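Q: Each chain, letter by letter, is given below.
Number of protein chains: 4
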Amino acid sequence: MARPKSEEKRLHLMLAAAEAVAERGVGAPTALIAKLAGVAEGTLFRYFPTKEALLNETYLYICELGWASANESFDLSRPLIERARHLWDMHVDWCLANPVWDRALSQLAVTEILTKETRAAEAAMFPDVGLMEQVSAGEVLAGHPTEYADALFLAVANATIEFARREPERVEAYKASGFAAFRRMFLD
Amino acid sequence: MARPKSEEKRLHLMLAAAEAVAERGVGAPTALIAKLAGVAEGTLFRYFPTKEALLNETYLYICELGWASANESFDLSRPLIERARHLWDMHVDWCLANPVWDRALSQLAVTEILTKETRAAEAAMFPDVGLMEQVSAGEVLAGHPTEYADALFLAVANATIEFARREPERVEAYKASGFAAFRRMFLD
Amino acid sequence: MARPKSEEKRLHLMLAAAEAVAERGVGAPTALIAKLAGVAEGTLFRYFPTKEALLNETYLYICELGWASANESFDLSRPLIERARHLWDMHVDWCLANPVWDRALSQLAVTEILTKETRAAEAAMFPDVGLMEQVSAGEVLAGHPTEYADALFLAVANATIEFARREPERVEAYKASGFAAFRRMFLD
Amino acid sequence: MARPKSEEKRLHLMLAAAEAVAERGVGAPTALIAKLAGVAEGTLFRYFPTKEALLNETYLYICELGWASANESFDLSRPLIERARHLWDMHVDWCLANPVWDRALSQLAVTEILTKETRAAEAAMFPDVGLMEQVSAGEVLAGHPTEYADALFLAVANATIEFARREPERVEAYKASGFAAFRRMFLD
DNA sequence: AATGAATGAGTGTTCATTCAT
DNA sequence: AATGAATGAACACTCATTCAT
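Residue numbers (the UniProt record's numbering), protein chains in the order written: chain C, 1 to 188; chain U, 1 to 188; chain R, 1 to 188; chain D, 1 to 188.
Since the hints were made in silico from the structure, they are not lab data.
Among these hints, one or two may not hold up.
Identical chains share a label here; the pair holds if one copy fits it or two copies do between them.
As the list claims (entries may be wrong) - Calculated pairs, EDC-like style, for lysine to aspartate or glutamate (alpha carbon to alpha carbon, straight line, at most 20 Å): (1) Lys9 with Glu19; (2) Lys116 with Asp150; (3) Lys175 with Glu147; (4) Lys5 with Glu41; (5) Lys175 with Glu139.
Keep in mind it's a predicted model, so treat the numbers as computed, not measured.
Model the full assembly from the supplied sequences, consistent with the hints where possible.
A: Here it is in structure tokens:
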């Protein structure tokens, strides 16, 4: 083979797409994405057939990055409440540490760009640490899918993150309060 | 006689904008909006200087519509918990009954189109029924702004609405569970 | 109405399209066509929804131009052979006098751009002067559609035109010979 | 050892080009041609300096294929009229049997791609079986180049082929009528 | 005040050709 | 010699906005 297609370029393109979407929304031009990735405009389309495909893959890639660290560091031998807090901390910290990626995900999540397949793949990615089963088996969420528990976790987390960002010096206070709120919902 | 600008047309344009954004995202063409409003393309720009201005005003207008019914029906003499539940029901019911408007708001909320002023005006619009003061004075949210309490309310509500929409026959179950979760966060 | 859409611009666009196609084939850029027509690029698409639509309409328009003069000057009281010769002269002369349009028609005719409707409309446009019915009723073409007679007429004419163009000083000789050949095919 | 360029690949490329042009017009991408030929995109340009060169050579190659069978089977000892009919049959049959190649030739013939040299080479390729000299020496075509006689032959043949293709069950009727028409032009 | 024709910068995507491997 | 990744100039088409009517 003349030259293998560079996995590095794929990654650069997805990271560039995330950055562009974070800054300019899903309307960010492919030309900008290519420029941010350091490749020619045409090159983008050799790695992704359409802009939509690029954005879908980017979404999943960034999701993976986000959950990767969380998943690595799990200690299933710890009590449930500690695991929950660990998950909470990992998620909130990652979002705060990576505002660009977090913003890209938010932007993509509300558009029609994401396919059913992408949404399914994302749902499957939520770390399964035995937390949500417990939650949705509890009295409050009895009878609802675990995805609803996931969604509530994320909803509370994201609202918390937004306010933590506004008052950076009070991040830990928000983190604690947000987790306390979540915990009281289900875990007491 | 010079005709005065028609307030009715303004309203039609904003409703048309909401519909267009719900269906096609913020990229919906102004030409489509004008068509849905039953006016000529150029007329839109006699009522709103730019598309962004139209979308900002539309956002606030739809928000107002959303909270209007809630505000109308408040009975401050009822106990706090009942008022909370009433607010919850009004919000969830309105979103479920008006999916187009709800979707338009979601779309607009994540874009860069909304100005600081718009966001501030929206925050001020959240019905003040004495609920959130109580909540944020409670032990969990002590020291945080009441807007954080608002945000948590909306976060839990919106996640609940999304799942209720997926399982229309279980709307009441979701509504009850969602409120129970919210209540446990702060009100017990 | 603000301003009526200008019929003149439509015509200019079609003439410009013919010119562009004659010079650069069906791949001629819409930007060039707009420039030749003296309008902005975007204007083209307010008059024709797509390039294909423009080219189809252009084809029929040029065809009409071509047959218009022939149709005007017919004298059905003359004998058949004179009518045939008149049609022949009109066609050959028009093609020679309008090489750009003739070339545009040739280019368009071989591509897949022309729709079934366009081809049908074109076929209906061939001047009906009672000639082809006679021809196809004759012994040589008995049982074939009159369109086959049309096609043979045009085939012989177009070959003749091509050679007449190469030797402009012998145009009349080619015209005479070509008609003689056509005549001998069917009319003796 | 340096591999010599493969004559087989040249041929494959030209056949692939013909196929691609037949299906997608002269705008057919070189990448598609290479794929149809079973070689890499870049390889095409090691055999032909440009796409235009490839198409010119392809045109001549397919023309050669077309006349090859006709030329092989000539019996100059037969009377003129039989040789004419034989040529006619060979041509019509080849075009009907090879619609892809025939279509490729039609497409290429009208474009600006074909150079003067290519057109000259093609003209020289028309089988010389003593027919056209006779034709152009006859009373109808006296004084015109034999190429004009060739052109009339092809014009009548190609119109005939087109209609024969539309009514496949009447191929022989069209072949006979077409030849009768041609014959009456010059040979009676 | 209302219209809608006109505009041209901008968009996603294609493709002939080059060149590192 | 063969490959196919990389390129960037084009391309068809869109759309927010202006302005003549």
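Q: Please go over all the hints and tell whether each is borne out by the structure.
A: Each hint, compared with the structure:
Only within a single protomer do Lys9 and Glu19 lie at most 20 Å apart by alpha-carbon distance; the minimum there is 15 Å, versus 35 Å between protomers. Taking the shortest Cα distances, Lys116 and Asp150 sit within 20 Å of each other inside one copy (18 Å), while across copies they are farther apart (30 Å). In this assembly of identical chains, the alpha carbons of Lys175 and Glu147 lie at most 20 Å apart only when taken from different copies (16 Å versus 22 Å within one copy). In this homomeric assembly, Lys5 and Glu41 come within 20 Å of each other (Cα to Cα) both inside a single copy, at 16 Å, and across copies, at 15 Å.
In the homo-oligomer, the alpha carbons of Lys175 and Glu139 lie at most 20 Å apart only across protomers (15 Å), although the nearest pairing inside one protomer, at 25 Å, exceeds that limit.
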